[in-house]
Amino acid sequence: MVPLSYYLVLSAILFACGVAGFLIKRNIITIFMSIELMLNAVNLTFVAFAAELKVLSGHVFVFFVMVVAAAEAAVGLAIIISVFRTRETLNVDRVNLLKL
Amino acid sequence: MSLHLWIIPLLPLAGATINGLLGKRFSKSLVNAIALGSTALAFLYALWVAIQFFGLPADQIPHIERYAAWMSAGNFSAEFGLYLDQLSLVMLLIVTGVGFLIHIYSVGYMAEEGGYYRYFAYLNIFMFFMLTLILANNYLLMFVGWEGVGLASYLLIGFWFLKDSAANAGKKAFITNRVGDFGFLIALFLLVKHFSSLEYETIFKAVASYPIESSAGVLTAIGLLIMVGASGKSAQIPLYVWLPDAMEGPTPVSALIHAATMVTAGVYIVARSNAIFNRAPIALMVVAVIGTLTAIFAASIGILQTDIKKVLAYSTVSQLGYMFMGCGVAAYGAGIFHLMTHAFFKALLFLSAGAIIHGLGGEQDMRKMGGLRKYMPKAFWCMSVATFTIAGFPPLAAFFSKDEILWKTWASGNHVLWLIGIIAAGMTSFYMFRLWFLTFFGEYRGPAPETGAHGHDADSQRAGHAGAVHAQQDDAHAAHGHGTPHESPMIMIVPLMILAVLSFVGGWVGIPPALGGSDRFDHFLDPVFKFNAEATPTAEGATLPAEPAEHEDRGTELMFMAISVAAAAIGFLGAWYLYYKRTDLPAKMAAAAGGLYRLVHDKYRVDELYGAAIIQPILLGSTNVLWKGIDATLIDGAINESAAGAQDVSDGLRQMQSGNIRSYAGWVAAGAAAVIAFMVWKGVR
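Going down the list, the protein sequences come from chains A and B. According to our numbering, the first sequence is numbered sequentially starting from 73. According to our numbering, the second sequence is numbered sequentially starting from 156.
Since the hints were made in silico from the structure, they are not lab data. Treat the hints with care, since some could be wrong.
Derived, one-sided and incomplete: chain A residues facing chain B with beta-carbon distance under 8 Å [what the hints assert, rightly or not]: (1) Phe94; (2) Leu95; (3) Leu125; (4) Leu162; (5) Val164; (6) Asp165; (7) Val167; (8) Asn168.
Straight-line distance between alpha carbons at most 35 Å, and here's what the computed DSBU-like set of lysine-lysine pairs gives [claimed, not checked]: (9) Lys837/B <-> Lys529/B; (10) Lys523/B <-> Lys533/B; (11) Lys360/B <-> Lys326/B; (12) Lys837/B <-> Lys97/A; (13) Lys348/B <-> Lys685/B; (14) Lys126/A <-> Lys837/B.
All C-beta atoms, glycine included, are put in the ideal place defined by N, C-alpha and C.
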């Protein structure tokens with residue numbers, strides 16, 4: 073059996089990759105994918121702990137996260153399309169309307 | 156039995172409230188009805204009270220009415236309560252009676268002024284506070300009236316507030332009075348500290364067990380501090396400077412507030428506090444000396460004034476000095492007697508002067524008057540009664556009162572004070588007859604009537620009577636022509652006549668035994684001033700202030716009366732010679748006297764001295780230290796600097812909100828990392 077720490081390390085690496093991608097990349101699609109990566113890194117820790125501790129709530133959480141991620145993907149992609157239509161770009165540095 | 160004394164002050168208050176709040180929309184006759192009606196009712200009620208008072212059994216005097224507790228803290232408490240004894244009864248009748256007459260007169264005098272309702276609201280509020288002052292049964296309520304009349308005085312001096320000099324005179328009066336009130340307040344604190352009460356009854360009973368202080372003690376301190384307050388309110392040296400300037404107000408105000416009633420509040424409170432003063436001979440002596448010095452000092456200034464109202468103002472200061480002189484030799488009855496006659500004849504003088512000023516369209520300079528006898532005979536006769544009264548010719552009122560003061564001063568052994576007083580009496584006679592001759596005799600020196608130039612054009616700028624508000628009166632006068640001096644309307648003359656009668660016969664209530672009278676006024680007031688005299692435990696080495704001996708040779712008293720009359724006659728003859736017979740002489744004498752003349756003419760430059768010694772340093776200190784130093788630099792600086800600091804910090808924080816999504820994400824990641832680091836470091840589970 074693979075020890076728990078392996079899963080956690082893998083999950084941490086995936087999460088760090090997600091964060092790095094989120095911070096570094098300029099393309100919204102890539103950023104979006106980085107978010108998915110972070111979510112799934114968290115999912116991995118959930119199932120790892122659920123298997124290790126023999127409790128079901130970890131699994132339930134994973135399903136919740138997957139549902140939320142699906143919903144988020146739907147809304148997020150819609151926003152991305154809308155942004156692209158109005159600004160003709162997917163570069164987040166040029167989508168800076170949040171500034172005061 | 157309750158006399159419902161509270162009705163008396165509340166009537167004018169109601170009048171003031173109605174007129175003050177709604178008067179702007181009222182017609183003049185309605186304003187008149189409210190203002191005069193409330194005062195007249197107060198006067199009638201006061202008369203009724205007086206009649207009831209004489210029916211009271213002796214053990215119910217003073218008659219005290221308590222209405223409600225005002226404040227209480229620890230063992231100290233003050234209440235709303237009124238106090239009626241012989242002294243407050245006399246004051247009550249003077250204030251309501253003379254006040255009512257002056258209300259009537261004002262209807263004529265102010266007829267063409269702007270702010271008519273405002274004027275009467277102020278007059279009524281003055282009546283309310285003055286009545287509170289004289290009827291209160293404790294020092295604290297009295298102090299409310301004391302401050303209130305100061306407020307009313309301020310408002311009325313500055314009635315033509317668009318004119319700088321009037322506004323400044325109002326401020327001067329108020330601030331000078333504050334200096335005196337400061338002393339008065341400390342006196343009240345001392346009273347609270349030593350007697351735990353401010354009620355007259357309690358204090359005077361407690362004081363009765365005190366020994367007479369042969370050296371300075373607490374009663375001396377209280378007495379002196381009360382005198383500080385009294386010298387502010389009653390315009391004595393060194394705080395008299397505000398009263399002459401107060402003549403900027405309308406003339407009826409000068410008559411009511413700055414001659415007949417308010418300025419006598421100081422005399423009243425000294426007489427009221429006689430229990431304290433009787434046990435503090437040093438304080439009493441100070442009162443007498445200040446009064447005497449003021450009497451001669453102000454009289455000497457009055458000799459050279461050219462503004463008719465200024466002469467009367469200095470005369471008021473001087474006469475108030477006499478009252479303090481009387482109180483200071485423990486002849487409180489004589490002081491109050493003079494207060495009463497003075498209220499009559501000084502109100503009459505001011506109102507006659509007002510009639511003259513009114514008849515000349517605002518002219519106040521006596522050098523531009525003259526020969527007015529044939530233009531305004533009624534005013535002339537009224538003024539003549541007043542002039543002969545104040546000069547002290549028998550059998551007019553002031554002869555008896557002033558002479559009683561002088562006689563009791565002599566009889567109490569203060570011969571120097573008597574001598575100064577008699578010289579001042581001569582001066583009084585001189586400057587009053589100077590005014591009389593300059594105004595009514597000789598040729599009219601104003602603008603010639605036939606040229607059509609009417610009184611105002613040339614002089615209204617200078618004359619204090621004319622103000623910006625006053626301009627509309629000028630127009631109104633111009634409309635009906637103001638070429639020749641004219642008599643005033645009957646509504647102004649009738650009060651003059653009543654006051655003239657009072658000034659004539661008012662002294663007969665106090666004819667001394669030496670002249671076959673029985674000094675009824677003094678004996679009427681005796682219970683107030685002998686209240687605790689019998690219960691005095693005489694301390695060693697100190698005696699009660701000498702009671703003027705009744706058994707003293709009547710011949711001596713008659714001789715002193717003759718001296719007084721002689722002094723008055725000398726003053727009359729001097730004025731007659733200089734201002735009627737040889738009108739060229741005064742100018743020559745002025746030239747000959749040179750520096751002395753200019754010194755007196757400039758009122759001894761006391762205003763300039765105060766300006767240089769007190770006002771300028773305070774102004775400089777306020778400007779440079781308090782304003783520019785503390786206020787502008789320290790307080791404003793602290794506020795401005797903290798605001799600027801907040802702005803700088805915000806400027807820095809604003810950089811975080813760049814609009815760049817990735818930098819936001821970076822902050823979130825950094826924050827999350829910081830939280831995780833913290834949890835790892837602390838080991839939180």
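Against the structure, the hints come out as follows:
At its closest, the beta carbon of Phe94/A sits 6 Å from a beta carbon of chain B; the interface hint therefore holds under the 8 Å criterion. Of the supplied interface hints, the one on Leu95/A holds, with its beta-carbon coming within about 6 Å of a beta-carbon of chain B, less than 8 Å. For Leu125/A, the shortest C-beta to C-beta distance to chain B is roughly 15 Å, which exceeds 8 Å, and the interface hint is violated. For Leu162/A, the interface hint is violated, the least distance from its beta-carbon to any beta-carbon of chain B being 12 Å, above 8 Å.
Interface hint at Val164/A: satisfied, since its Cβ lies 5 Å from the closest Cβ of chain B, which is below the 8 Å cut-off. At about 6 Å, the closest approach between the beta carbon of Asp165/A and any beta carbon in chain B falls short of 8 Å, and the interface hint on this residue holds. Contact between Val167/A and chain B, as hinted, is supported at the beta carbon level, the nearest pair being about 7 Å apart and thus within 8 Å. Because the smallest distance between the Cβ of Asn168/A and any Cβ of chain B comes to about 4 Å, under 8 Å, the interface hint for this residue holds.
For the hint pairing Lys837/B with Lys529/B, the CA-to-CA distance comes to about 109 Å; that exceeds 35 Å, so the pair is violated. Only pairs whose Cα atoms come within 35 Å are accepted, and Lys523/B paired with Lys533/B is accepted, the gap being roughly 20 Å. Straight-line distance between C-alpha atoms of Lys360/B and Lys326/B comes to about 39 Å, which puts the hinted pair past the 35 Å bound. Note on Lys837/B and Lys97/A: the hinted pairing holds, with a Cα-Cα distance of about 34 Å set against a maximum of 35 Å.
Between Lys348/B and Lys685/B the CA atoms are separated by roughly 26 Å; this keeps the pair inside 35 Å, and the hint holds. This hinted pair checks out: Lys126/A and Lys837/B have alpha carbons roughly 28 Å apart, not beyond 35 Å.
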